[in-house]
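Visitor: Chains A and B, in that order, give the protein sequences.
Okay, so the first sequence: first residue is 2 according to the numbering used here, each after it adds one.
Okay, so the second sequence: first residue is 2 according to the numbering used here, each after it adds one.
Source of the hints: derived by calculation from the structure; they are not laboratory data.
Computed from a prediction, not measured in an experiment: that's the story for all the values here.
In this text, a Cβ means the ideal position worked out from N, Cα and C, and glycines have one as well.
Hints may be right or wrong, so weigh each one.
Stated by the list, open to error - Distance ranges between label pairs, derived from CB positions: (1) B:L424 / A:T128: 17 to 23 Å; (2) A:S27 / B:P421: 26 to 32 Å; (3) A:T162 / B:M248: 56 to 62 Å; (4) A:Q375 / B:K441: 41 to 47 Å; (5) B:K441 / A:D455: 50 to 56 Å; (6) B:M248 / A:T381: 38 to 44 Å; (7) A:Q164 / B:P247: 37 to 43 Å.
Stated by the list, open to error - Quick list of in silico lysine-lysine cross-link-like pairs, DSSO-like style, CA-CA up to 30 Å: (8) A:K481 / B:K481; (9) B:K482 / B:K380; (10) B:K285 / B:K194; (11) A:K13 / A:K194; (12) A:K13 / B:K106; (13) A:K106 / B:K120; (14) A:K441 / A:K458; (15) A:K115 / B:K441; (16) B:K106 / B:K142; (17) B:K380 / A:K458; (18) B:K458 / A:K380; (19) A:K115 / B:K120; (20) B:K481 / A:K458; (21) B:K292 / B:K194.
Number of protein chains: 2
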Amino acid sequence: MDVWGDCLTIEKWQHFVAETLESGNSTPVFNINPNDTREFDAIFLGGGAAGRFGAAYLRALGGRVLILDRWPFLGGSCPHQACVPHHLFSDCAAQLMLERTFSGKLWFQNLNDKIVSIKDIVELFRTGRTGPHAVMNFQSKEQLGLEFVLNAEFEIIDAHTVQVGDRKFHVKNLVLALGAKPFVPDIPGATLKGVFTSQTLVENLDFEPGNTIVVIGGGKSAIEYGCFFNATGRRTIVVARNQVMPMLKDAESRAYAILMMEEQGMEFFENAEVMEIQGDAQGKVRSVSIKTSDGIIDIDTDFVFMGLGEQANSEIIAQKLGLETSDKGFIKVNRHMQTSVPHVYAVGDVTGPPMEMFKARKEGVCAAKNIMGQASEYKTADYPDFMHTHYEACWLGLSEEEARQRYANVKIMKLPPDNPNGLDVGLPAGDRMMLYLMAKPRMSGFQKLILDGDTRKILGATHIGYGAKDGFQYLNYLVKKGLTIDDLADMDELFISPSYFIQLCRLRAGDPHFNDM
Amino acid sequence: MDVWGDCLTIEKWQHFVAETLESGNSTPVFNINPNDTREFDAIFLGGGAAGRFGAAYLRALGGRVLILDRWPFLGGSCPHQACVPHHLFSDCAAQLMLERTFSGKLWFQNLNDKIVSIKDIVELFRTGRTGPHAVMNFQSKEQLGLEFVLNAEFEIIDAHTVQVGDRKFHVKNLVLALGAKPFVPDIPGATLKGVFTSQTLVENLDFEPGNTIVVIGGGKSAIEYGCFFNATGRRTIVVARNQVMPMLKDAESRAYAILMMEEQGMEFFENAEVMEIQGDAQGKVRSVSIKTSDGIIDIDTDFVFMGLGEQANSEIIAQKLGLETSDKGFIKVNRHMQTSVPHVYAVGDVTGPPMEMFKARKEGVCAAKNIMGQASEYKTADYPDFMHTHYEACWLGLSEEEARQRYANVKIMKLPPDNPNGLDVGLPAGDRMMLYLMAKPRMSGFQKLILDGDTRKILGATHIGYGAKDGFQYLNYLVKKGLTIDDLADMDELFISPSYFIQLCRLRAGDPHFNDM
């Protein structure tokens, strides 16, 4: 199928993607300009975050670029199996927590002891995901003018040749943007029916999970999906080899996040390990054995979720090209995104953590620049971060503990303030938090700004609540440029702003030796 | 009652405020340091946004300051009658729109044709508002060390003397931070029972409104409260003398916001006027006569909401001190916040629009600086703005139309993209938007970045959705400093970020002559 020159509407793309996924039709879609006689400066293998952004940037720089992807859409695993379903599930978790908190009050229905269907939500996602797929195909083709082959099984012949069907593409550079997939550990029973990762959950779930769910892992994916399962009304047991939520380093913020999860009924085993998943005669999960500091515990369940990080989609190709990989299988690259083989670059999740959108996209851009002769280096540093519990948790810069190790005169501004009533006080507030503020103030969030009292600079910030995620992107950029309490005090807040940083700073900024707040 | 030296917990304050409001007890609460023999540098009359922030700043600068407030709490009308109830009602509107959209689907209850109690939500607010009040009293006393008299009827003797009961306070400067209250026009029937402003709604509502509500006004308050009434399931008719939502100048963004309201069933009369509110024999609202371009229409209703802006709480004091006021009654000040009378300043809503939190607080700070000898000027300019519909609408900088008038090479980046399917496509997405994205994509928001293709600078931005309000504060600060497409492309986005500005810019930034997106 050749689509160059046809303007495919978003609607047409949506039908095409839906049908192709449904039918398993393996006909590639070629969108290649027959009138452009230039050799490709690069082929991006994989059109996900790293590949699509890298290709767009390379074309913007004036180069010629081709994307090959095995899926019938561009955008990669994010809209298909990763960020988008995660956000849908986290939205459901937030919504369900609210409905459960107000169950039977005001206009809210009674959800007490009611279990909500996970399968229905997964099926909604499977139907709905073709919408974003279609937009990205439209944007890539009509707005960005990208050339691509979708729904394509490709074979790498060598570092300058890739084959799709009977068509061979010669190219100056290869960029491997192959992505990653959830890691499944070698636990007995890991392949039983009823064991899921974030990927297989949305692809394979075909039964309604029972009342108990075991989540393996303590990191982002484990907690994000665990909170969703919990919010559906199921007993949810999180088994973490070490700590839960270790990435949120500010101890007080982390404690608030965990306390709120516990108050929703989440159960945590830290420093624990799943020994075995037992199956029944039909090969379905029946129970899980967990080794805890108090001995081995058996939990009856038909649903186990593995949230244990990612492994690279690199094996065959790395071997074929003779690329150096890390002991975990990630493709090694230098700061120019070059692999150990000349003219072969790698970008995105396939090069290893952090498995974040900005990192994948910026690595794609970095490779594009280098290929086009603009010497460029990239390495993640000082980036903002977030994850979902039932809330959005955001953080940037240093934790209070890290700040106190490095600075002599650390100042803290936070809400709620330290006080004898702890969390049961009516601030902070913000959009999506107002019902909690009025009736259940301990649930209305926690936020903290960490400052250096000497230079007056912001050192770090955390926010557990809603509506600050977007702001943390811009705030982080400002903090890296040396933002001070005085700069913040001078901004114009949009009140009630989810983060209270501007106003808290303004209350103190007049003082050359300002105190905590 | 004298509380200096007692540490009052937030809990104690909450009980005190609740009891005082309930009982109408008029005993003032004195929190004045008996050991400080200095004369007050200033008395702030009114401890709302302007007064409390001004006083805190003045004290931070080393001055001595006293706040007098007639209410038993600091913080002013915002937490008591204005921003906080508005945010509660807007949160309910967003929540109810979601529940109605998914009525009977997934776990959602069937809300079709069901009317939700406004009175219950108002009562929840009346109980809950003492929480924020208590935090602000605690913060002001224990953290900021402010001196104040609450629950105080005060009399101004002259520009240097104020009296509370039998105590006279001598002071170098007076700062009038008296606030404003909703304007009620002189329409026949405006004093009938059933006619409310944002203020009287939360104070006086004692019946459940019927099925039809008439909202007078087309500005922020009218639309914000109107969307809430609509979301409760009532027919809601907005009567605007001119345009609806004129402050959102970007035509395309405004059209999206209005379309979404119309799809929720809101009815708008623009260029229309309420002629008369008719009452029944008991003095309750019975119907409203509206003059439209098609003639006069009568609407049966028992509930009319006036959302027509604010008038200053200035009359008596302005007269007493002989202050110059505007024809609308706002106290005239220069850029130092000085009134026409020496040593008398005015700050906040009492000086006129914009009635925004940052403006009130920064005027308070400006007065404090000048009083303490730090020459300071303040005038609002280039501030970000927002309002609620069922969504959060944010904007900053120029609209597309304004930009095209001033710049020759305007570029636009937006979501959803222009395309033959209009809004029925699956992007943007973001927190709180995921269910819409999956099942009702036209409801998942609209956003737009306006750029100068020559200098590459951001000229403006708009966002109709959720979760971008906090970010617009920081983004506006950056835009005023000359933020470019290249700066944005270099930031680290927290994906799925409610605003897509970083990633849209990155897709284009490589091109010296980038196109629309």
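Visitor: Hint by hint, note whether the structure agrees.
Guide: Now the hints, each set against the structure:
1. A C-beta distance of roughly 19 Å is found between L424 (chain B) and T128 (chain A), which places it inside the suggested range of 17 to 23 Å.
2. Taking the beta carbon of each, S27 (chain A) and P421 (chain B) are about 29 Å apart, inside 26 to 32 Å as hinted.
3. Distance hint for T162 (chain A) and M248 (chain B): a CB-CB separation of about 59 Å, consistent with the stated range 56 to 62 Å.
4. The supplied range of 41 to 47 Å is met by Q375 (chain A) and K441 (chain B), whose beta-carbon atoms lie about 43 Å from each other.
5. Hint check: K441 (chain B) to D455 (chain A), Cβ distance near 52 Å, so the stated range 50 to 56 Å holds.
6. The given range of 38 to 44 Å is respected by M248 (chain B) and T381 (chain A), whose C-beta atoms sit roughly 40 Å from each other.
7. Checked against the hint of 37 to 43 Å, the pair Q164 (chain A) and P247 (chain B) fails, with Cβ atoms roughly 60 Å apart.
8. Among the hinted pairs, K481 (chain A) with K481 (chain B) is consistent with the structure: their alpha-carbon atoms are about 18 Å apart, no more than 30 Å.
9. For the proposed pair K482 (chain B) and K380 (chain B), the alpha carbon gap of about 18 Å is at most 30 Å, so the pair holds.
10. Between K285 (chain B) and K194 (chain B) the alpha-carbon distance is near 5 Å, which keeps this suggested pair within the 30 Å criterion.
11. This hinted pair does not check out: K13 (chain A) and K194 (chain A) have alpha carbons roughly 36 Å apart, beyond 30 Å.
12. The straight-line distance between the Cα atoms of K13 (chain A) and K106 (chain B) is roughly 27 Å, inside the 30 Å bound, and the hint therefore holds.
13. A hinted pair counts as satisfied when its Cα atoms are at most 30 Å apart, and K106 (chain A) with K120 (chain B) qualifies at roughly 13 Å.
14. Only pairs whose Cα atoms come within 30 Å are accepted, and K441 (chain A) paired with K458 (chain A) is rejected, the gap being roughly 34 Å.
15. For the proposed pair K115 (chain A) and K441 (chain B), the alpha carbon gap of about 26 Å is at most 30 Å, so the pair holds.
16. A C-alpha spacing of about 50 Å is found between K106 (chain B) and K142 (chain B), which places the hinted pair above 30 Å, so the restraint is violated.
17. As the CA atoms of K380 (chain B) and K458 (chain A) are separated by approximately 26 Å, the hinted pair is consistent with the 30 Å bound.
18. With a C-alpha separation of about 26 Å, the suggested pair K458 (chain B) and K380 (chain A) falls inside the 30 Å cut-off, and the hint holds.
19. A hinted pair counts as satisfied when its Cα atoms are at most 30 Å apart, and K115 (chain A) with K120 (chain B) qualifies at roughly 28 Å.
20. Distance restraint check for K481 (chain B) and K458 (chain A): the Cα-Cα separation of roughly 20 Å lies within the 30 Å cut-off, and the hinted pair is therefore satisfied.
21. Straight-line distance between C-alpha atoms of K292 (chain B) and K194 (chain B) comes to about 22 Å, which keeps the hinted pair within the 30 Å bound.
Violated hints for the displayed structure, listed by number in ascending order: 7, 11, 14, 16.
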